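Residue numbers (this note's numbering), protein chains in the order written: chain A, 1 to 542; chain B, 543 to 667.
One or more hints might be untrue.
What the hints assert, rightly or not - What the simulated footprint calls covered on chain B by chain A, stretch by stretch (three residues with Cβ under 8 Å from a Cβ of chain A suffice, anywhere in the stretch; the number is not a length):
1. 578-586
2. 598-605
What the hints assert, rightly or not - One-sided excerpt, in silico: chain B residues whose CB lies under 7 Å from chain A:
3. ALA608
4. ARG612
5. LYS633
6. SER641
Hints in this document: simulated from the structure, not taken from any laboratory.
It should be emphasised that the depicted structure is a prediction, and the values quoted were computed from it without experimental measurement.
Yeah, the Cβ is synthetic: ideal placement off N, Cα and C, and Gly gets one too.
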Amino acid sequence: MAILPPQVSAEAFAEAIRRFQAVVGAEWVFTVDEDVGLYRDSYSPAWGEGDEKLASAAVAPISADQVAAIVRIANEHRIPLYPISTGMNLGYGGSAPVLSGSVVVDLKRMNKIIEIDDVRGYAIVEPGVSYFDLYRYIQDHGLNLWIDTPDPGWGSVIGNALDHGVGYTYGAYRDHFYSHSGMEVVLPTGEIMRTGMGALPGAKSWGEYHYGFGPYVDGLFSQGSAGIVTKMGIHLMPAPEAYLSCMARVPRRDDIIPLVAEVNRLEHAGLIGMPNYGSPWSQSRDPALQALIGRPDGWNAAEVDRFVINAGMPYWEVNLQFYGPEATTTANWEYAKAKIAAAVAGATFAEVERLRFPLTEEQKHNARHRVAIGVPNLEIFFIGARSAFNPTPSDGHVWFSPVIPKSGEAILDFQETMSKAVRDAGGFPGGLGGYGPFSAPATWMYRTFIMISGLPVARNNPEFNKRSRALFDRLIDVAAQKGWGEYRTHPLFYDKIMSTYNFNDNALLRFHERIKDAIDPNGIIAAGRSGIWPKYLRGSQR
Amino acid sequence: MTTRIALVAAAAVLVAAGSTSGQDIGEAPTFARLYDHTTLTKGSDVYTYWCWNCHGDGPGKPGTAALMARYNGAVPAVLTERTDLSAELVKVYVRNGLSIMPHFRKTQISDAQLEALAAYLARKD
């Protein structure tokens, strides 16, 4: 065995492994390097280095009772556990534990869809259920439901919600933690608890009403280490009759300010699903434009704006998505056009795609943006994959995902601030990516923007990774100075990012630590998750 | 050839590359029943469940596009059209990954399922 949990003897570890085997069967306890190595983070920017996050073993239970038994054994032998649902989470740590030497509790085998209702609009699932699984189950059973799927679709419905993952349809659905409803959790003591209406024996409304009664504790289990979630309810949307995808384009750089203001109003009033901002120039290889953007002293907003205006192509575009009866989608599009045209001189409009449901498999497969119609896929892997434009692909990436206000002003401020930060740090590793005058926000969050960027990783090239990691560190600092903080991150940056959420002498972290000490005194569950360390590791790990 | 820019990618700033898969319009397999990966025994089902979405035919298949860019048509970009794959090679890629394709754990694809998948992709017809 290559590594042991910290402060655990080889004898205690071997005894714990033997007892885990008795619970789940020897076949489902992984201890040899070849198997344990499959729990490495395949996108790790520390691959092969001393601080790479590595498991000591993995155990794969099939039920909540087995999870509880594993947790009780771990307490007796002081074995740190790290739960994963399906263990995808690529770019944010994958399947590797935060604390090296932890035993990964792999919940992929727990893949039952417990309950699903297409009248009341919810499902209750286990952690191993992926978005593909839930989607295919719905299709196979002819249910009148859509899922809101993230990219890619092979992740866990529960795991994604717990990591504050996001999708592509209406705001209330695409915030997957918001749309969850009730949990079953194995606590650090091995006790099984249910939250929300799940706490009331016989209640039939687990999947419908979030809160139940009393203080709401579900948040402790999201990006947290307060227990292992073994079931969860999730709200599902009714399949609409029609989908209409349209594009609005505006000519000038500053037009993003009134454009966002109008689109915010449309979205917050429930008239559109997720808007997608972009620029027709973001992939341009025009040499004159590249020269402007690549100036050694940085790009100048007025110069870039003049170039775009002279070229006669819009600076910004936003894709608007309408769901519902065909008549209302059309009417809402007409309304949106009128509002945007009144707010932005020179705005232009185009209809992109109109679909009526149900679609055949062929139609779904060939739809322009499948996640927008609730069809999970893996198309997102075009990011970073080998292509004519990217002949030497990286071995993954780590996502830098700062939250900024949902305004055009914030977008422009972010572009200028972070372009300078990248430039001052010596540029983006590999020369691809970064921020520039056409960087657009990701809009998965209902009420904010995420200015996401993937910092590339090169397996077996520590020097390259060192540059990515150093830049990531720098971007965290610069963002925090502006009040922009990450919503989710790779475990290598947990401590640093938690340290930026430091109002009143880190009152939030200190509160988390008091909770951790009270409910998990042995520090068994997910030590170090989100920068929250159990007492016995607080000095040595942070 | 359709250029498909993932909308997230436009924001994301890593390279959002265009699909160069063989066709703009592809056929979808029947996979509605494939919602419990633990029950799969046929290599073709394992392929459809785990591989098709990246390596199949038609639009939006980054694995197919990557193999097209890698081999420039010298071998088929769609995995099921290859006749030069060995079972051993398939197993190496599944358990080790390559570039942005991650490795797969035994709770995802068991050793028995991997044998079936490897045999399916290594067939010569």
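Cross-check of the supplied hints:
{"no.": "1", "hint": "578-586", "result": "holds (count 3)"}
{"no.": "2", "hint": "598-605", "result": "holds (count 6)"}
{"no.": "3", "hint": "ALA608", "result": "4 Å, holds"}
{"no.": "4", "hint": "ARG612", "result": "6 Å, holds"}
{"no.": "5", "hint": "LYS633", "result": "12 Å, violated"}
{"no.": "6", "hint": "SER641", "result": "5 Å, holds"}
In summary, the one numbered hint that this structure violates is 5.
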